[in-house]
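**Student:** Please work from the sequences and hints to get the whole structure.
2 protein chains.
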Amino acid sequence: MNNLSKENIADWFKNLQGSICEGLEELDGTSQFTEDIWKREDGGGGRTRTIKEGHLIEKGGVNFSEVYGPTPEKILDALNLEKSDFFATGVSIVLHPKNPWVPIIHMNVRYFEMTTGTWWFGGGIDLTPHIIIPEKATLFHRSLKRTCEKHDAKYYERFKKWADDYFYLNHRNETRGIGGIFFDRLADESNVTKANRWEFVKNIGNLFVPIYSEAVDGLAEKEWTNDEKKWQEIRRGRYVEFNLVHDKGTKFGLDTGGRTESILVSMPPKAQWQYDFRAENPNQIQTQSLLKKGIDWVNYK
Amino acid sequence: MNNLSKENIADWFKNLQGSICEGLEELDGTSQFTEDIWKREDGGGGRTRTIKEGHLIEKGGVNFSEVYGPTPEKILDALNLEKSDFFATGVSIVLHPKNPWVPIIHMNVRYFEMTTGTWWFGGGIDLTPHIIIPEKATLFHRSLKRTCEKHDAKYYERFKKWADDYFYLNHRNETRGIGGIFFDRLADESNVTKANRWEFVKNIGNLFVPIYSEAVDGLAEKEWTNDEKKWQEIRRGRYVEFNLVHDKGTKFGLDTGGRTESILVSMPPKAQWQYDFRAENPNQIQTQSLLKKGIDWVNYK
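Line order of the protein sequences matches chains V and S.
Reading the first sequence from the start, the letters are residues 155 to 455 in my numbering.
Reading the second sequence from the start, the letters are residues 155 to 455 in my numbering.
Hints in this document: simulated from the structure, not taken from any laboratory.
Hints are not guaranteed to be accurate.
To be verified - List time: in silico DSS-like cross-link candidates among lysine-lysine, alpha-carbon distance up to 25 Å:
#1 V:K206 - S:K383
#2 S:K228 - V:K402
#3 V:K228 - S:K405
#4 S:K383 - S:K356
#5 V:K424 - S:K206
#6 V:K206 - S:K424
#7 V:K315 - V:K383
#8 S:K356 - S:K160
#9 S:K252 - V:K383
#10 V:K405 - S:K405
#11 V:K402 - V:K383
#12 S:K447 - S:K308
#13 V:K446 - V:K402
#14 S:K160 - S:K237
What the hints assert, rightly or not - Output of the computed footprint for chain V on chain S, the stretches with three or more beta carbons under 8 Å from beta carbons of chain V:
#15 205-215
#16 354-365
#17 391-402
#18 405-416
For every residue, glycine included, the Cβ atom is placed at its ideal position computed from N, Cα and C.
**Tutor:** In structure tokens form, the structure reads like this:
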């Protein structure tokens, strides 16, 4: 069993879940995670940790899973793979903060392999502020860029664009938030080994607590108005729309008999919809104007 | 231009929208509809009427549309049709009441034709109580059955089953509500003419105000607890899940560049999600147990 075996990768992800939950409990200050262990009928299972009604986090989930067995037909078809068994493991996180000034964050790191020998990594981190603060967006993207550049000078640009394209609500003509990085099906290439990919994915996983701590810094104590709370709930409605209409991970999970409660832990605690709602005040209008692809956040302004 | 021309059908639907809005304003007692007229880039348009913050209705929409032009590729593929122009018209309604004891209702009546000569009707009415009251469910299904039986002794049974199968959340193993009737692609058959189908669809459209008045009767004034309000918002979350994950009409509308605000007028005003929420009190537990296919509501108990 080498360093890059599926067992080692799964173990590392399991430990990552543990250290992230510890880091988030410290950041939250008042609430703790509770745990559900679940089994998957056709092989494997997971450990879902959730937190609610904290000082910082109103509702959040940190999922670890390690599932395997015959590859579901829908996945074979969608990914154009030949029939064989699969193994998939990863950590995925969505946190919905209480304060409308604090951004929603999402992270996912995952590994997939088939008995045919095919394997890849996927993942990313992206941020969805209810109210975009450009200086904060710049800090967030600079942190991602620094971590990417340890591995490849082109990763940041490539994965930032991928996030812009992925986290996009076609039916609203807007991005989900300020994006971040997204990558999928990263296998070996001429100059990149599996060990190198794995190092990158581990660094992204390890970046989660520090990058969210930075994103949250100075905002959790900020006072908010009723208007900002309403706007938060409307933006959460868009988050719901993205996850249920567009997100491929959610769709696959629900289609292939994944554990519904673990998949939909990404849903916000409370959301609202108003017919034809338009941004009303300067913060909302600025936010709406910044929900688009291709903004160079690293060098913004 | 005969009685069954697309222009006449569209006109009738447009008038239906008018009479339903009048009926609902009377039922609500305090709020009025406002209107948006919109055009579709590739042909046709619609008239969306919405109501909010009424005594009875917290948020609701009554859409009329009449759209035409080259049939979108996605529709040709999904319905296995040959390339040609289409014409579609209909009325669709979703009402989200304020009081958790009052059910959500949905109705749709629609007509579709192609320049190739193919045509059909579709539609239905279904009810989604937050708290199921079996006697009320029986009244609702008996009204549907009576209207169906004016046309065909087998319509009710057939279309009731269709609704059970259609309004089903696979990922939750539950129906959206108590169902109703659902039908699609009703064309002419050996013993059924187009005139006959059209009479049926008109009768369903005309049934909307009386059947909702009956469903609401005695409930709008009922007092509710915080617990019932929370449960209402959780059930609305399931309504969101159905519409965004499963509903074919919503998916097609968003995929084919329909007017987003008119399509998503079906979203509830406020919804909530809690991780792994379980029904807590007798009303909730009874409701949860009745969210299944195949209940014979007409003869219940």
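**Student:** Which numbered hints does this structure break?
**Tutor:** Going through the list in order, the structure violates hints 4, 7, 11 and 16 and respects the others.
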